[in-house]
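Enquirer: Keeping the supplied structure of chain U fixed, place chain D upon it in accordance with the hints.
Here's the letter readout for the chains.
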Amino acid sequence: MKCKKVNLSRGVLFAWGISLGLTFLFVVPQKASSRLQLAYASVFRWPLAWGRSITLATDRSVRSSNINSEEYRDLLASDRDLKTKVANLRAQLQDVQQRYEQLARLQQTSGWENTAFRQAGILTAANSTQSQPVIDQGTEAGVAEGQFVLSLSNESGSVIGTVSAVNARSAKIRVITDRGSLIQASVGSLGVKGILEGQGNQTARITISREHRVSVGDPVYALKQPGLDVPVIAGRVTSCDVDRENPWFADVRVQPVCEVATLRDVVVVVSAPQPQSR
Amino acid sequence: MHWIRFAVLVLLASVLQAGPMGVLGVGHSNVKPDLLLILLVFFASRCNSTDTVITSFAIGFVADLAAPIHDLMGPRTLSFGLFGTLLFDLQSVISIRRPIYQGAAIFAMGFLTAAVSCLLAAARTGGSEMNLYMHLLWQPLYSGILGPLFALPAAWWMHMNRRRRRPYPRSSRSRR
Numbered sequence: 001m002k003c004k005k006v007n008l009s010r011g012v013l014f015a016w017g018i019s020l021g022l023t024f025l026f027v028v029p030q031k032a033s034s035r036l037q038l039a040y041a042s043v044f045r046w047p048l049a050w051g052r053s054i055t056l057a058t059d060r061s062v063r064s065s066n067i068n069s070e071e072y073r074d075l076l077a078s079d080r081d082l083k084t085k086v087a088n089l090r091a092q093l094q095d096v097q098q099r100y101e102q103l104a105r106l107q108q109t110s111g112w113e114n115t116a117f118r119q120a121g122i123l124t125a126a127n128s129t130q131s132q133p134v135i136d137q138g139t140e141a142g143v144a145e146g147q148f149v150l151s152l153s154n155e156s157g158s159v160i161g162t163v164s165a166v167n168a169r170s171a172k173i174r175v176i177t178d179r180g181s182l183i184q185a186s187v188g189s190l191g192v193k194g195i196l197e198g199q200g201n202q203t204a205r206i207t208i209s210r211e212h213r214v215s216v217g218d219p220v221y222a223l224k225q226p227g228l229d230v231p232v233i234a235g236r237v238t239s240c241d242v243d244r245e246n247p248w249f250a251d252v253r254v255q256p257v258c259e260v261a262t263l264r265d266v267v268v269v270v271s272a273p274q275p276q277s278r
Numbered sequence: 001m002h003w004i005r006f007a008v009l010v011l012l013a014s015v016l017q018a019g020p021m022g023v024l025g026v027g028h029s030n031v032k033p034d035l036l037l038i039l040l041v042f043f044a045s046r047c048n049s050t051d052t053v054i055t056s057f058a059i060g061f062v063a064d065l066a067a068p069i070h071d072l073m074g075p076r077t078l079s080f081g082l083f084g085t086l087l088f089d090l091q092s093v094i095s096i097r098r099p100i101y102q103g104a105a106i107f108a109m110g111f112l113t114a115a116v117s118c119l120l121a122a123a124r125t126g127g128s129e130m131n132l133y134m135h136l137l138w139q140p141l142y143s144g145i146l147g148p149l150f151a152l153p154a155a156w157w158m159h160m161n162r163r164r165r166r167p168y169p170r171s172s173r174s175r176r
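So the protein lines, in turn, are chains U and D. Okay, so the first sequence: first residue is 1 according to the working numbering, each after it adds one. Okay, so the second sequence: first residue is 1 according to the working numbering, each after it adds one.
Pulled out of the complex, with its shape left as it was, chain U reads as follows (with noise of 0.2 Å):
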């Protein structure tokens, strides 16, 4: 039997490849691709295998002679386990670093001059299933109940709530926008006071007299009070209302400055007074 030659144009072929390739590309599923490549390094193992072992034996004449093979490569393990220490250690170095950068700034902001601070990394992030964060640091390092802890997350810090539980080696803490959290705070100017009570829906509520002006986006700051030795910033206003309660006063939800569930590290104010909490 004669077999017929197929004639295709140039332009045809080119067309087909081109359209291969986008196919290949944007169309098959990345592990189809995969299994593909996987396919051709299995069927070609033993070359490919024989090459590497050829490129090793090149890269091992270079060795000194004084050595045997075996010690080479024990001497080519150690020489990769000090350069993965050299690198976790450099990492450490750079978080430490970074931390007492953080802190530095964070001391010589007015008013905390005199303050003790203590930082903790975060253990368990706040989410919905466990709603207080717990911390690294506990009553071996100073930390104890009612502490303000801050997050660094901008240069001056800004209060995200309070220690309610502590051990000898983590905290836990009381965010300011859970339930039973209860701060001594102001609206916009520190002469507007309130205390904000925590809802457990990521916000936070103040009720203040209706007389003040209160617009969205207004600071709210945890005043000066046992435990913090200086106002700082807790939230933001999100909403004011009339109070459904009381129509005399304004029912203002707030919100915190940072995103808690993200943060990595906080600092407690270990040394001022205790403030009181529910």
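It should be emphasised that the hints constitute simulated quantities derived from the structure, not laboratory data. Only a predicted model underlies this, so the values are computations on that prediction, with no experimental measurement involved. All C-beta atoms, glycine included, are put in the ideal place defined by N, C-alpha and C. One should not assume that every hint holds.
[Claimed, not checked] Partial pick of chain U residues on the chain D-facing surface, computed with a CB cut under 7 Å: (1) Leu13; (2) Ser33; (3) Leu48.
Expert: Below, chain D alone, put in the same frame as chain U:
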């Protein structure tokens, strides 16, 4: 065109590229000449129009299998096919028969195919880190320097030592 010989040569080149070519690796990034790129220029400069299109896409496909960019299939198929065809067309303007021009062509093709491949891969993956100097400069340069040497055994294997006289096949009308 000896297609079986072509298939053997391209597969051999891909296997050599993945393995023993490491012997020729230089520098901290272990830059190696790209054998498939050299073959792309070799076939584009010696085949007829239709064969060049087929060989370019086929070499690109094998390059995607053997040395993929970000584990993607397609970027090198497209770039090799596109620029292999373009190189063939350019030969009506410039000749790349001399080794030094072949080297320059390999460098230029290496740069262009790598740039387009990286762009396509970035378009698919949304952009990620790549050693651009290595892909765009050092590897094409190294391939351009060593390429003309690799072209000699390839020409012997493919029985393509003779000079290509006619870039396009004769039309049916002129044959009559």
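Enquirer: Of the hints stated earlier, which fail here?
Expert: Of the numbered hints given earlier, the structure breaks none, since each of them holds.
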